[in-house]
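Peer 1: Starting from the given sequences, assemble the full structure and let the hints guide the process.
Quick mapping for you: the protein sequence lines, in order, are chains A and B.
Each residue of the first sequence is one higher than the last, beginning at 1 in the working numbering.
Each residue of the second sequence is one higher than the last, beginning at 1 in the working numbering.
Accuracy of the hints is not assured; some may be wrong.
[Said to hold, decoys possible] Pairs of lysine-lysine, DSS-like flavour, derived with a Cα cap of 27 Å:
id : chain 1 : residue 1 : chain 2 : residue 2
1  : A       : Lys255    : A       : Lys180
2  : B       : Lys394    : A       : Lys121
3  : B       : Lys194    : A       : Lys180
4  : B       : Lys186    : B       : Lys39
5  : A       : Lys121    : B       : Lys390
6  : A       : Lys68     : A       : Lys121
7  : B       : Lys396    : A       : Lys121
8  : A       : Lys151    : A       : Lys180
9  : B       : Lys127    : B       : Lys159
Keep in mind the hints are simulated off the structure, nothing from the lab.
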Amino acid sequence: MTFRARHLLGIEHLAPEEIRTVLDLAETYVDLNRRTVKHSDALAGMTQINMFFEASTRTQASFELAGKRLGADVMNMSVAHSSVKKGETLIDTAMTLNAMHPDLLVVRHPASGAVDLLAQKVNCAVLNAGDGRHEHPTQALLDALTIRRAKGRIQRLTVAICGDIAHSRVARSNLILLGKMENRVRLIGPPTLMPSGVGDLGCEVYQDMREGLKDCDVVMMLRLQRERMDGGFIPSEREYYHRFGLDAEKLAFAKEDAIVMHPGPMNRGVEIDGELADDINRSVIQHQVEMGVAVRMACMDLLARNLRAERGARAAGVMV
Amino acid sequence: MTLHLINARLIDPEGLTQSEGSVTIEDGVISALNGDAPKGANVFDCEGRCLAPGIVDLGVKIGEPGERHKESFRSAGLAAAAGGVTTIIARPDTHPAIDNPETLEFVTRRAAEASPVRIRHMAALTKGREGREMTEIGFLLDAGAIAFTDCDHVVTDTKVLSRALTYAKSLGALVMGHPQEPGLSKGAATTSGKFASLRGLPGVSPMAERIGFDRDMGLVEMTGVRYHFDQITTARALPPLERAKRNGFDVTAGTSIHHLTLNEFDVGDYRTFFKVKPPLRSEDDRLATVEAVASGVIDIISSMHTPQDEESKRLPYEDAAAGAVALETFLPAALRLYHAGHLTLPQLFRAMALNPAGRLGLPQGRLAQGAPADLVLFDPDTPFVLDRFKLRSKSKNTPFDGQRMEGRVLATWVAGRQVFGAEA
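Peer 2: This is the structure:
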C-alpha cells in the first residue's frame with residue numbers, strides 16, 4: 001500500500017500506485033457505507049474543516065458525510081468571497097483556522113492555484129475540493145472508481161470527455177488520471193470551449209460527437225457552466241444541445257456497453273437528454289455520487305495516516 | 001579630479017569590439033582611451049575585468065509618487081548603482097500618473113536629491129493613462145520629459161491615439177507603447193497554450209501582440225511619429241517589425257530581460273514572482289526574441305523593473321500583481337545570454353546602453369573620448385546564488401531568488417564619481 005502525499009492538491013502529484021491505493025481502500029468504504037451502521041474510527045478525535053469559497057451543495061455534503069462517517073469533528077465554513085477582497089480573505093482565513101489546529105482542511109476556491117497557496121501556509125493536511133479551472137482530484141478518483149467497478153478495470157479503455165472542457169477542472173483532473181492509468185482519452189466539444197494546446201497533453205481532440213464517440217467504453221459529459229459564460233462561447237443552448245448534447249442517437253456510436261457519466265449537477269436538455277441520464281442500463285450517474293463519499297473517506301483516511309506518522313516522527317525527534 | 005582606470009577589458013558597443021586598455025576620466029567625461037596616466041591622476045587597477053558603458057535602463061517603475069513603500073528614488077538609485085545601471089529612465093505609471101508638468105517637476109527634483117545615479121523621466125501620453133485625452137506634450141517636453149508612454153495601458157480608442165501621435169510628431173517627441181490587443185489580453189494571466197491549460201489559468205494568444213503591433217504600426221505610417229515598440233516578446237511580431245524598419249520608418253523595438261531569460265514553464269506551481277506583463281512566453285518565442293536582439297531587429301533590452309510588495313504577490317496567481325524587480329539582477333541575468341553563447345558582451349551593451357541612449361538622444365552609452373564617464377566594472381564569471389533579501393530595492397519580488405547566477409558588478413561610476421564598489 002503506497003500513499004506518500006501530505007496534501008491532496010491534484011492528480012498531477014499522484015503516482016499510479018497511489019491512485020490504486022485510494023481506489024482499493026475506497027472499495028472497503030463502499031461496503032461500509034451500504035451497512036446500516038456506517039461508522040469507522042479512522043478520524044476519531046480529528047478536526048475537519050470544510051472551507052468553501054465557492055458555493056457547493058453536493059461536494060460539501062459528500063465531504064461532510066465522509067468525515068462524519070470516519071468519526072471526525074466536522075465544521076463547515078461557507079466563506080462568501082464577494083464582500084471581501086479575495087486574496088486577503090484566503091491567507092488571513094487560513095492563518096486564523098490554522099491557529100485552531102485542524103487536522104484536515106477541505107478547500108474549494110474559484111481561483112486556480114489558490115488551494116496550493118493555502119497549503120503552503122498551514123500545518124494540517126489540505127484536500128483540494130476544486131480550484132478554479134485547475135483540478136478537482138476527488139472527482140477524478142470517484143470517476144475512476146465508478147469506471148473500475150462498471151468495467152472491471154481502469155486501463156486500456158477509450159474514454160470520451162465531452163462538452164465545456166475549457167472551464168472544467170473535472171476534465172483536467174480526469175484527463176491526467178486517465179492518462180496516468182494508460183487509457184485513451186478523447187476530448188469532444190466546440191473549439192471555443194476547448195483549451196488551447198490541449199492536443200499536446202496526450203489526448204485526441206474531436207469537434208464532432210459521432211466521430212469522437214465511436215468505439216468508446218466510457219462517455220463523460222460535463223456541465224455547460226453557464227455562470228462562467230461571460231459572452232458568446234456558443235451561439236445558443238439549443239444549437240449546443242443539437243450538436244453536442246448526449247442522446248440515444250449519438251450514444252449509439254459508442255460501444256454497445258458504454259457507460260454514461262456526469263459529475264453533476266446536470267442541465268437536462270442542454271448537455272444530456274433527461275431520459276438517458278435516468279437509464280439505469282447506461283447511466284452510472286447515481287453510482288458516481290455513491291462512490292464520491294467512499295473515495296473521499298479513503299483520501300481523508302490516507303492523509304490522516306500520513307499526518308499521524310509525520311507528527312509521531314517529529315515527536316520522536318526523527319527527521320521527516 | 002582625474003581618474004585613470006588601467007588593465008581593463010574595454011567593452012565597446014559601438015565598434016562591437018573588446019580589447020585590453022585604459023580609460024582616463026577628467027571632469028566627469030572620458031578624456032582619453034589607452035592614454036598615459038596624467039600627472040596626479042588617481043590610478044585604479046581593473047585587474048583585467050570588464051569595463052563597459054553604464055547601463056541605460058529604459059522603463060523603470062519607481063514608486064514615487066504614490067507607492068514609496070514599494071520603491072523610492074533612493075532605494076532604486078542604490079539598487080541601480082549596485083547593478084551597473086547609471087541612467088534610469090523612469091516610467092510614468094505612478095499614482096497619480098506623471099501626466100502634467102507639475103508632477104514631472106516634483107519627481108525630477110526628488111530624483112536629483114535622492115539618487116546616486118542619473119534619472120530621467122517619461123511622461124504619460126494621455127491624462128491619467130486613461131486613453132481619453134492627450135497630455136500637455138509641449139509643456140512636458142519643456143519640463144524635461146524624455147519620451148511619452150501610457151506603459152502597459154493600451155490606448156484603445158484609435159482616434160485618440162492617432163491625434164496624440166500627430167501632435168507628438170509635430171513636436172518631435174518620442175512615443176513608446178506596448179503592442180497588445182486589449183480585447184484579447186483582458187483578464188489573461190499567462191500565454192495561452194499547454195501550460196495555461198494545465199494550470200487552468202486564463203491565457204492570451206501570442207497573436208494579441210502582433211495584432212497590437214499592426215494597428216500601432218499603421219498609425220506610425222499615418223502620422224510619421226518617432227515610435228518605440230516596447231516589450232516585443234513573440235516571434236509573430238518580428239517579421240512586421242523587420243519590414244517596418246527596412247521600409248525606413250523611424251521605429252525601434254525593445255524587450256525585457258525576463259522574456260529573454262525565462263519562459264512560461266518557469267511559473268511552475270503558481271509562483272507569482274514569475275508573473276510579469278506581458279506574461280512569459282513559450283521557449284520558441286523566447287529564442288526568437290533572443291535571436292532578434294542578436295541581429296539588431298530588437299534594439300533595446302530593459303529591466304522592466306517593477307517593484308511589488310509581498311502582499312500584492314501573496315495571492316492566487318490570477319489576482320496577484322504583475323512585475324518583477326530587476327535593477328540589480330539585470331546584468332547577471334543578461335550575462336546568461338552571454339554564457340549561453342547567444343550574445344557577445346559588446347552586443348549586450350549595444351542593447352543595454354548604446355541603443356537606449358541613442359534612441360533617447362542622450363550622450364551616454366559609449367566608451368569613447370568625450371562621452372560621459374558613466375561606467376560599470378564587472379566580472380562576468382563570478383558565480384553566486386541570489387538571495388532576494390539582500391537586494392537593495394525596497395521590494396524583493398525577483399524571479400531569480402535562490403538561482404545560480406554568474407557575473408557581479410565590482411564598481412560603478414556616474415560622471416566619473418564612484419557610486420558603487422570598493423573605493424579607488
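Peer 1: Checking one constraint from the list: CA of Lys255(A) to CA of Lys180(A), max 27 Å. Satisfied?
Peer 2: Status holds; Cα separation ~23 Å.
Peer 1: Keeping to a limit of 27 Å between CA atoms, is the pair of Lys186(B) and Lys39(B) held or broken?
Peer 2: Violated: Lys186(B) and Lys39(B) sit about 63 Å apart, past 27 Å.
Peer 1: Are the Cα atoms of Lys68(A) and Lys121(A) separated by 27 Å or less?
Peer 2: holds (26 Å)
Peer 1: Starting from Lys127(B), check that the Cα of Lys159(B) is at most 27 Å away, please.
Peer 2: holds (15 Å)
Peer 1: Quickly compare the C-alpha distance for Lys194(B) and Lys180(A) to 27 Å and report which way the hint goes.
Peer 2: holds (17 Å)
Peer 1: Starting from Lys151(A), check that the Cα of Lys180(A) is at most 27 Å away, please.
Peer 2: This hinted pair holds, its Cα atoms lying about 17 Å apart.
Peer 1: Under the criterion that the straight-line Cα-Cα distance not exceed 27 Å, is the pair Lys121(A), Lys390(B) satisfied?
Peer 2: holds (24 Å)
Peer 1: When you check the alpha-carbon spacing of Lys396(B) and Lys121(A), does it fall within 27 Å?
Peer 2: holds (19 Å)
Peer 1: For the pair we were handed, Lys394(B) and Lys121(A), check the Cα-Cα distance against 27 Å.
Peer 2: Within the cut-off at roughly 24 Å; holds.
Consistency note: the structure conflicts with earlier hint 4 alone.
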